Amino acid sequence: MQFDQLLQYTLSGLSTGAIYALIGIGFSIIYNATGIINFAQGEFVMLGGLLTLSSLELLKLPLWAAIPCSVAFSTLVGILFERLAIRPLKQPTPINLVIITIGGSILIRGLAMLVWGKDTHAIPPFSGDTPIAVGGATILPQHLWILAITVVIIIINKIYFYHTISGKAMRACAYNRRAAGLVGIDVRRMVLFSFIISSAMGAVAGIIVAPLTMTAYDVGVMLGLKGFCAAIIGGMSSGISTVIGGLILGVLESLGAGLISSGYKDAIAFIILLLILFIRPQGLFGKADSERV
Amino acid sequence: MLEVSGITQIFGGVTALNAVSFSIRKGDITGVIGPNGAGKTTLFNIITGIYTQTAGTVSLEGKDVTGLTPDKLARRAMVRTFQNIELFGAMTVLENVMVGMHTKSSSGLLACALKMPWSIAEERRIRAGALKWLEFTGILDLAEQTAGSLPFGKGRLLEIARALAVEPRIILMDEPAAGLNSQETLGLATLITRIRDLDITVVLVEHDMELVMDICDRIVVLNLGTKLAEGTPREIQESPEVIAAYLGDDD
Amino acid sequence: MKRDLFLFIGFAFLILLAPQLFSGGYLMNVLVFVGINTMLSIALNLLLGYAGQISLGHAGFFGLGAYLSGILSTSYGVDPWLAMPLAATVVGLMAFFIGFPILKLKGHYLAMATLGLGIIIYIVFNETVELTGGPSGLSGIPNLKIAGITFDSDVKNYYLIWTATLMVMLFSLNLAGSRVGRALRAVHDSEVAAQVLGVNSRILKVQIFALSAIISSLAGSLYAHTMTFISPASFGFNFSIELLTMVVIGGLGSIYGSFLGAALLTLLPEFLRGANDYDIIIYGGLLMAMVMYMPGGLVRGIPALFRRLVTTKKGEAGHA
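Protein chains in written order, with the working numbering: chain E, 1 to 293; chain F, 1001 to 1251; chain S, 2001 to 2320.
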C-alpha cells in the first residue's frame, strides 16, 4: 500500500520532471550562448499549449499538424522577441536584461490574456485517457508521451550540439563568446539560434503537458520558474545534468505534495532553488566555478 | 615595508607565478617589470587581496596580511590603482575622491540618514580633504564633472587622487602610464616623485622603460612567473639575464 | 545642499496641501496608495538604484510587515504603535541574516533567488491559515490612534501615510548624499575599486538590504492598519514586479523618481478603468520601452527630452 503510493507519486513526478527538464534546458541554452537568464522562457511554454488549442479549434487541424504549427508560431515569437527586445538593447547590463525579459514576459502574457481570455482550457490527450497499470500504480498514456518526447528531444539536442557545425559553434560561444567571435563565428546569429531552439523547446513542453494540467494565459510563470530551478540544480548545463535536475525536482515535488502537504508543493522548488544557490551555486554535479557568485 | 615570499599561483594547471619573493623598502619607488605574461598583474592582484594565491605569504609593515580582503588592506594603509582605470563613472570627480575618504570617516547608516551633527561635521571634513587631493593632482577645476566623461589621462589622475585620499603608506600602481601621451607621462613621473615625498612607498608595474629607469629606486624583474633579477636601475640595465630575456628582444 | 532642502520643503508643502485642492474622497484613497507605493519604491530603489542589487521579492517584505503587525494587533491585542516597530525589527533581522548568503549572488542569480524568497513567503501567507486566515485574508485589523484621533478616514489616512512617506524620503535623501550613499553608488559602479578604497561591500550590501526590508515592512504595517483588511493576493510576485516597474520608470537612483514612478503606476489603472485587467500589457510594454529608450527613467528622461526639444527649436529658428 505505502509502496504503491510512493511508486505512484514517483511516476507522476517523473513526467512533470521531464517537463521541467525541457524548460530548464531552454534556459540553459540561452544562458550559455548569451549570458542572459530569459525570464520570458515560461511564456513560450504557455504559447505552445494555447496555440495548439487554437490550431485544433479554429484552424480545425488534426493534432499531428496542430503541434508543429504551434511550435512554429511560438518560435516566431521567440525570434521577434530577440530581434525587437534583446538585440536593440544599448546597455545590456544584467539588471537591464532581467528587466527587459520580465517586461517581455508580462507583455506576452498580457497579449495572451487578450487573445485567449482568463479561462483555463483543456487539450485532448494524444492517445486517449485509459489508465495503464504499472506495478501497483497507474499512469496515463499522456505520461508516456511526455517521457518519450522528452527523450527524443534530448537526443536531437545532443546530435545538434555535437554533430552539426552550428551546434558546435554554439558550444564555442558558450565556452567563450569573445574567442568564438574572433575565430569567425557570428555570435549574434548564435544568440538568435539559441532563442529559436529554446522557444521551440519551451513550446513543445507546453504542448505535451497541456492535456494533463490544462492551460491558461498565466501557466508560464510557475512552469518557467520551475524550469529555471531544474537548470540551477543541473548547473545551467544544456545536457543531462539539467534533465536529472528536472526529474529530481519533479519527484521531490510530487512526493512532497503527496506526503507532506499539497499547499506547500510550489514552495519545495523554491526552497531547493535557494539551497542550491546558497550552498552549491555551480549545481549539484558541477565543479566549482565562480561565475555565479 | 612590504614583503612577498614564495608566492605561487596556479590557474587550472598553468603556473602563473612560481615562488616569487622580494621585499620593498619603505620610502622607495619600486618598479616591477617584465615581458607580457610575466605575471606582474597577477602578482599585484594577489598582494592587494583580489586573488587568493595557491601558496606563499604577504606581509605589510612586519605583519602577515596574507588572504586579507582589499577593504581590510585599505584600512592598513595599502591602496592600489588599476590598469584600466576603475572610476565610479556615474559620480562626480569630487564624489569619487570623497569615497576615498571612506576609511577616514565613520558615521554609520543611521547617523548619516538622520543628519546627526557629528556626521555633518564629518561630511565637511571629507569634502575639504577630497578637494585637497584634487588640488594635489591638479584636477581641482574638474571637481563637479561626471567621472565617466573625463578623458583617459585625467581619469588616471583622478584614480590616483582617489587612492591618495585613503592616506596610504604604500600605493601600488598597475601600469599608470598606459594610455598616456608623452606630455602626460612626464607629468605622471613628477606626480609619482611628489607622492614619494609625502612618505608614501610606491610600487609600480610599468611597461614604459624610460619612466621606470628614471624614477625608480629599485626594480624587480619577472619573467614567465619567476623572479629574474632585482636591483637598482643601473644593475638591472647591466644584468645579462635581463638583457637576454627582456631588453634583448625589445621591439 | 540648500537647494536640495528647499526642493524637499517645496515638495512636502505641495503634498500636505493636496487634500485642500482635491476634495474627492475617492481620489484621497488613491493618493494614500501613492504614498505607500512611494515608500516601497524608495525602499527598492535604495537597493537597486543605489547599491545596484536587484530584488524581485520585495512584496514579501511588504507582506511580512503587514501580516506581522496585523496578527500581533488583531490576535494578540498588541497596540499597533508597538506592533509596527516589532514587525519591522523581525523583518529587518530576517533580511539581515538572509542577506549574507543571498547577496553573494550576482545579477540574474540574485534576481532568481529573491524571487524564490518572495514566492516562499507568499505561499506561507496562504498556507498558515490559523495565523493569517489563508487566501481569504485577515480582517478587523485596528486603525492607528493618537491623542484621541483614530485614523479611519481617507483624509486622516492621507496625512498619516504621507507624513511617514515624507520622513522616509528625507531619511533616504540624507542617506543618498552621505558617505554611506556614496559608498553604495561606488559599489554599484565598480565593486572592486570600492573595496580597494576600504569599502566593505559585503556588509554594506547586507545593511542596505536590511534597511530596504525594514522600510518595506513599515509600509506594510501602515497598509494593514489603514486598510484594516489584508490578503495574500496583495503581496505576490506580480506586486514585486510592479514595484520594480515603478523604480525603473521613475528612475534608478533617484528618490523623487521613485515618487514619480509610484504615482504614475498607481494612478494609471484609475485612468484606464475600462481596460481593467489588461493593464499588465501596459506594464510590460512600459518596462521594455523604458529600458530601451529611457534607461534613466522619467526623472532624467523628461528633462533630457525637453532640452532636446528646446535646442532643436532654437536650431530651427537659427536656420530660418
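For the record, the hints were derived by calculation from the structure and aren't laboratory data. Among the hints, erroneous ones may be present.
[Unchecked claim] Selected chain S positions facing chain E (in silico; Cβ < 7 Å):
| id | residue |
| --- | --- |
| 1 | GLY2116 |
| 2 | ILE2281 |
| 3 | GLY2285 |
[Said to hold, decoys possible] Listing some non-contacts, in silico: residues in chain S with all C-beta distances to chain E over 10 Å:
| id | residue |
| --- | --- |
| 4 | LEU2027 |
| 5 | ALA2113 |
| 6 | ILE2123 |
| 7 | PHE2151 |
Just so you know, these numbers come straight off a predicted model, no measurement behind them. Yeah, the Cβ is synthetic: ideal placement off N, Cα and C, and Gly gets one too.
Evaluation of the provided hints:
1. GLY2116: Since the shortest Cβ distance to chain E is 4 Å, the answer is holds.
2. ILE2281: Where the cut-off is 7 Å and the nearest Cβ of chain E is about 3 Å from ILE2281(S), the hint holds.
3. GLY2285: It holds, given that the least Cβ distance between GLY2285(S) and chain E is near 6 Å, below 7 Å.
4. LEU2027: Answer for LEU2027(S): holds, closest chain E Cβ roughly 27 Å.
5. ALA2113: Incorrect as stated: the minimum Cβ-Cβ distance to chain E is 5 Å, not above 10 Å.
6. ILE2123: About 4 Å separates ILE2123(S) from the closest Cβ of chain E, which leaves it inside 10 Å; violated.
7. PHE2151: The claim stands: PHE2151(S) keeps its Cβ more than 10 Å from every Cβ of chain E (closest is about 35 Å).
When held up to the earlier numbered hints, the structure conflicts with 5, 6 and fits the remainder.
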